[in-house]
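K.L.:
Sequence:
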Amino acid sequence: MTCMAFKTRLALTALLAGTALVPGVAQAQTAREVELETRLKALEAAVQDLRGELNAARATAATAPRPAAPATSTAAPTAVASAPNDLHPTAPVGPTAPTALAEAKAPVAASTDGFKVAGTTVKLNGFIKTWASVSRYSGGNIAPESVGRDFYFPSMIPVGGRNEGNSLESHAKQTRVVLATDTPIAGHSLKGLLEVDFQVVPGSQGNQRVVSGYNPGLRRAFFTYDNWLFGQEWTTFQYIGALPETTDFIGPSEGSVFVRQAQVRYTRKLSDTLTLSVAAENPETASTGLTSAAIVENADDRLPDVAARLNYKTAFGEFSLAGLARKLTIDTGPLNESATGWGVSFAGKVPLDVSGRSDIRFMVTHGDGIGRYVGLNLAPDAVFAAVPGAELRTPSLTAGFAALKLGWTDKLRSTFIGSVQSIDYPTGGEPIGASASAWSTSANLFFSPVKAIDLGVEFRHAERRLVDGQVGKLDRGELAARYSF
1166 MTCMAFKTRL ALTALLAGTA LVPGVAQAQT AREVELETRL KALEAAVQDL RGELNAARAT
1226 AATAPRPAAP ATSTAAPTAV ASAPNDLHPT APVGPTAPTA LAEAKAPVAA STDGFKVAGT
1286 TVKLNGFIKT WASVSRYSGG NIAPESVGRD FYFPSMIPVG GRNEGNSLES HAKQTRVVLA
1346 TDTPIAGHSL KGLLEVDFQV VPGSQGNQRV VSGYNPGLRR AFFTYDNWLF GQEWTTFQYI
1406 GALPETTDFI GPSEGSVFVR QAQVRYTRKL SDTLTLSVAA ENPETASTGL TSAAIVENAD
1466 DRLPDVAARL NYKTAFGEFS LAGLARKLTI DTGPLNESAT GWGVSFAGKV PLDVSGRSDI
1526 RFMVTHGDGI GRYVGLNLAP DAVFAAVPGA ELRTPSLTAG FAALKLGWTD KLRSTFIGSV
1586 QSIDYPTGGE PIGASASAWS TSANLFFSPV KAIDLGVEFR HAERRLVDGQ VGKLDRGELA
1646 ARYSF
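What the sequence shown shows, in the numbering used here, is residues 1166 to 1650, in sequence order.
Any given hint might turn out to be false.
[Said to hold, decoys possible] If you anchor each label on the Cβ, the simulated ranges turn out as follows: (1) P1499 to L1644: 48 to 54 Å; (2) T1295 to G1330: 23 to 29 Å; (3) D1278 to V1509: 38 to 44 Å; (4) L1355 to I1405: 20 to 26 Å; (5) V1429 to I1293: 32 to 38 Å; (6) L1441 to S1377: 42 to 48 Å; (7) Y1648 to V1429: 33 to 39 Å; (8) E1462 to W1573: 42 to 48 Å; (9) V1299 to R1327: 17 to 23 Å; (10) A1608 to D1278: 32 to 38 Å; (11) V1429 to V1299: 43 to 49 Å; (12) A1617 to G1378: 23 to 29 Å; (13) E1462 to L1289: 31 to 37 Å.
Calculated from the structure, these hints are not laboratory results. In this text, a Cβ means the ideal position worked out from N, Cα and C, and glycines have one as well.
All chains, full assembly: derive it from the sequences and hints.
P.N.:
This is the structure:
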């Protein structure tokens, strides 16, 4: 009870008691005096009760904790960590946007997961990776600063030359930075993602002579609005969830669908386990002539590539079925021809234990005129003869890989991978020096002393065969250290 309440109650009690003392009662009888004395005693008892209640209220107020004043956090925003093999990080949905008044007082507010700027949640993640290899080639040398020295690139295995011996390479080009945003707008979800690394194509990167400086390269840049995606992202024809853990940049390169490009994609959840994605993607016909195996871009395409993928996810595994349709066009003046390309790809990941430490991953792809989508363009999309009226021919290919991951302990794991691609050229359409097939096997061991650090060692053997039967071999040992944040 407060002091004010006590005083009010005391005044009311005195007023009631005082009604017996009004003027004109000086000649009261004995019975009246007895009644007055009784009322006085009642008043004293009420005063004692009120005094006890007041003392109790004061004691409670003295021991109660006072509300803490709002404190401004000086801690840095917490970064969102992405899994070492997470090639498709997605910004989680952030908290509700602050009011305009709160934004005016604190335009940048720290949170437990990213930070906020003007109602947009911003998150930064990625990893720092150092990689080293010792390679032995059976068929000659790889050009300096070639991407074939940076990671396993099947079409760059030398064939037909002398034995080069051992070659040592090391770099940190695969270091990756991802910036993700989330802006709630009137019940809709607006998100963005920008991802860069330094593993760019030859000619735009640095060198190893002095400071090993390398230019950043765009990997992904897109935004999503509810079910729609606009920008550069992994092709819808590829299921990245099937890619295995490896020290290499890709790993089973010749057997994998692997493309990032601009697109417009629509994704709809059909049920709790089934999701459908359909996209119109950037076209580019990668062709070669009959007299040279060099693959070139033509930039004559007139229709987008159309891809669709159906994802099925349950407790016993994740599976993907994808389709691709293309219109290939080459216009050199004398030669103006088109052809149709198509492909199907089935991929998945099946856990082998309830802990999720062990699993099987796979991908199988087949099609005509889809060379640039599979195996880092090991096969061309189309082959042509540079003469008027020549027919545009589309090689067919079959490719795939399988990977077995075994989790020995919470911190120690291995993956064993086999990968292959076979190319079938139309009769009379085999370019001189072109690849006919490639395959590789690899095994690795990863150790994670703490959650954010992965240390790996891997050995790989690979072979590339040409249409004339010549074979080039690669043996490579790799070391990798990665810190994810």
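K.L.:
Please list, smallest to largest, the hint numbers that this structure does not respect.
P.N.:
Of the numbered hints, all hold.
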